[in-house]
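Enquirer: Generate the whole structure from the sequences, applying the supplied hints.
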Amino acid sequence: MHLTEKEKRMLGGDYGPIVQKSMDLLLKVGEFYGAERMLKVTQAHLIAWEINDILFDLFSELTKGATLVVPTTVNPLLFDLQRWQELGIAESDLPNLERMQSRLANEHRRLGVIPTYTCHPHFQHELRLGEHIAFTESNVQIFANAWFGARSNIEGATTAIAAAVTGRTPEYGLHIEGNRRGEILVEVDKETQPESFDYADYGALSFWTGRLLTDRIPVYIGLSDEMTAGQAKYMCAPQVLHSSAATFHIVGVTPEARSLEEALGGAKAKGRARFGKKERREAFESLCSAKDRNIDLVCLGCPHCTLDELAAIAGLLKGKKVNGQTRLWVGTNEPTRNLAKRMGIIDLIVDAGGHVLTGMCSGTAPILRLGRKLGIRTVASNSACLAGILSRSGRGKFGAWFGRTRDCIAASINGKWEGR
Amino acid sequence: MEIAIQGSQGSTGNSEGEVLVCSKPFEFGDADPKTGIINIPGHELEGQTVKDKIVIFPCGCGATTEEWSLYVLKKFGTAPKAVVTMSSYPCACIGGIIAGIPMVSGFDENLLRLVQNGDRASIDAEKRIVRITKSCNRSLIPRESRDGERYARGED
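Keeping their order, the protein sequence lines are chains G and Z.
Count along the first sequence from 1, then add 186; that gives the number in this note's numbering.
Count along the second sequence from 1, then add 169; that gives the number in this note's numbering.
Please note: incorrect hints may appear among the correct ones.
Stated by the list, open to error - If you want the ones that stay clear, here's a sample from chain G, every Cβ over 10 Å from chain Z, calculated: (1) 222; (2) 415; (3) 533.
To be verified - DSS-like cross-link-like pairs, simulated, lysine-lysine; straight-line CA separation at most 27 Å: (4) 243(Z) to 250(G); (5) 583(G) to 244(Z); (6) 214(G) to 303(Z); (7) 303(Z) to 583(G); (8) 193(Z) to 583(G); (9) 244(Z) to 207(G); (10) 559(G) to 602(G); (11) 203(Z) to 559(G); (12) 456(G) to 193(Z); (13) 296(Z) to 214(G); (14) 193(Z) to 463(G); (15) 250(G) to 244(Z); (16) 454(G) to 220(Z); (17) 193(Z) to 220(Z); (18) 303(Z) to 464(G); (19) 303(Z) to 220(Z); (20) 296(Z) to 583(G); (21) 220(Z) to 214(G); (22) 296(Z) to 207(G); (23) 243(Z) to 207(G); (24) 214(G) to 244(Z); (25) 296(Z) to 194(G).
The set of hints was computed from the structure by calculation and includes no laboratory data.
Here a beta-carbon is modelled for each residue, glycine too, at the ideal position from N, C-alpha and C.
Expert: Shown next, in the form of structure tokens:
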């Protein structure tokens, strides 16, 4: 692999042991993929490491005394501990959770990581078409590629830090124009009424498509050209539950798909699929792992809610009350919550008995970690990512109902799942 | 019978062992770190262990925590001996690199047609070569032998 003089000095230790170690890791990855050189990156996004000792030690090893050279955002932590009572965490558990979480947050503060603690951090540093970045976490990385046309592989937590420390990433995979072309054409049939898709429909489409891809990038046609960023973010993580395809194109919507020809890079599609009513029903069914119709928790905001999602949830809750047996968690990030608070949106949700939580994974990680302790068994969500992971990693312990936002809100009010 | 196949991508190290094949995209996060066994009902590899196997599948998948899966398996002593994939999922590949597990990837021919559970494979990651030795009377004992292994481990 060809390194510049500066990169050679990084590798040689002139910039200290952390930069050296980081460059060594990036070089190994580059050599694996046969990369010819390093690229400069303009941003990095980290994942807040699962808080166990094995991984915290690895994190410390890679960051001790490090300086970040590019703006670096970070994914959610495990719990919103400033709202621990709303979450139902026992006071006796709090010191331990605070200790685990604050040692990581303190490291982030020391490093100068921008404490976004969100899987939708794009309000902070907007991306442009063709910009090389190093992002980890499937929501954030796929969204950056698909929606903005920025270029990032699906980094590991370690290589994202290494990129933040060196400002470099090896040139391979999605950094290369020819690897970004769509190969599988997915036609969304009019009979599904794409113009009135709920967030759950986008998630179901993404999950269903992921099963067809293996490693090939999909191109969607037939989706509404008025679709929003908030809707597109539900099409990210579900795609990689069963594939390694880390971007997608929507003809007429995303920047690298102004036409079908452009999305396919002038080549013929290697495969075609049609997403009709039957396929949608199958996707919804396979994401429902629950049997019990009594709902303990309704979980919205996975990935984190945008302002318009929060407003829509508040609208659905107007004049209603969340059932006493059911919790309603709505996940977002702190800046968005602050704006929504000023607009009166948060009060509407909280007055109805919902909890608007920030800085934490909206459902998956806290449910898997603490769900049983909080008395949670059956969860309803409009997130295909959450439903998909709970049915796998949480099998036998938790059941999920996957459905549209209004069905989830209705479940929080009635305490029962009546969605279809 | 031995078949040698040339990949285009690879890490470092050599390894040799029994093959475990998954026909679909696979994530090591599905294996229990304490045992290496896949406990997901209905999973193609349900009841099998990745420990000390040469695991062969089309490509990785799953959340980016997949990077840690191989690393954590390694720390628990339940990691596979090597990983061979048709194409490579970056976050999983990075996990293999930090765990020091030999990996080879990037094949033109359909590797999965050439190999089945119980075959043996040796890999030279630096040269990106995978050599597969077919188990001779494979066709006589496929399913039963696996079930036998499960009994031997005290399952079922």
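Enquirer: For each hint, tell me whether it holds in the structure or not.
Expert: Hints, verified against the model:
no., hint, in the structure
1, 222, "14 Å, holds"
2, 415, "21 Å, holds"
3, 533, "34 Å, holds"
4, 243(Z) to 250(G), "23 Å, holds"
5, 583(G) to 244(Z), "26 Å, holds"
6, 214(G) to 303(Z), "32 Å, violated"
7, 303(Z) to 583(G), "40 Å, violated"
8, 193(Z) to 583(G), "25 Å, holds"
9, 244(Z) to 207(G), "20 Å, holds"
10, 559(G) to 602(G), "21 Å, holds"
11, 203(Z) to 559(G), "23 Å, holds"
12, 456(G) to 193(Z), "18 Å, holds"
13, 296(Z) to 214(G), "15 Å, holds"
14, 193(Z) to 463(G), "25 Å, holds"
15, 250(G) to 244(Z), "21 Å, holds"
16, 454(G) to 220(Z), "41 Å, violated"
17, 193(Z) to 220(Z), "19 Å, holds"
18, 303(Z) to 464(G), "42 Å, violated"
19, 303(Z) to 220(Z), "20 Å, holds"
20, 296(Z) to 583(G), "45 Å, violated"
21, 220(Z) to 214(G), "24 Å, holds"
22, 296(Z) to 207(G), "24 Å, holds"
23, 243(Z) to 207(G), "20 Å, holds"
24, 214(G) to 244(Z), "21 Å, holds"
25, 296(Z) to 194(G), "24 Å, holds"
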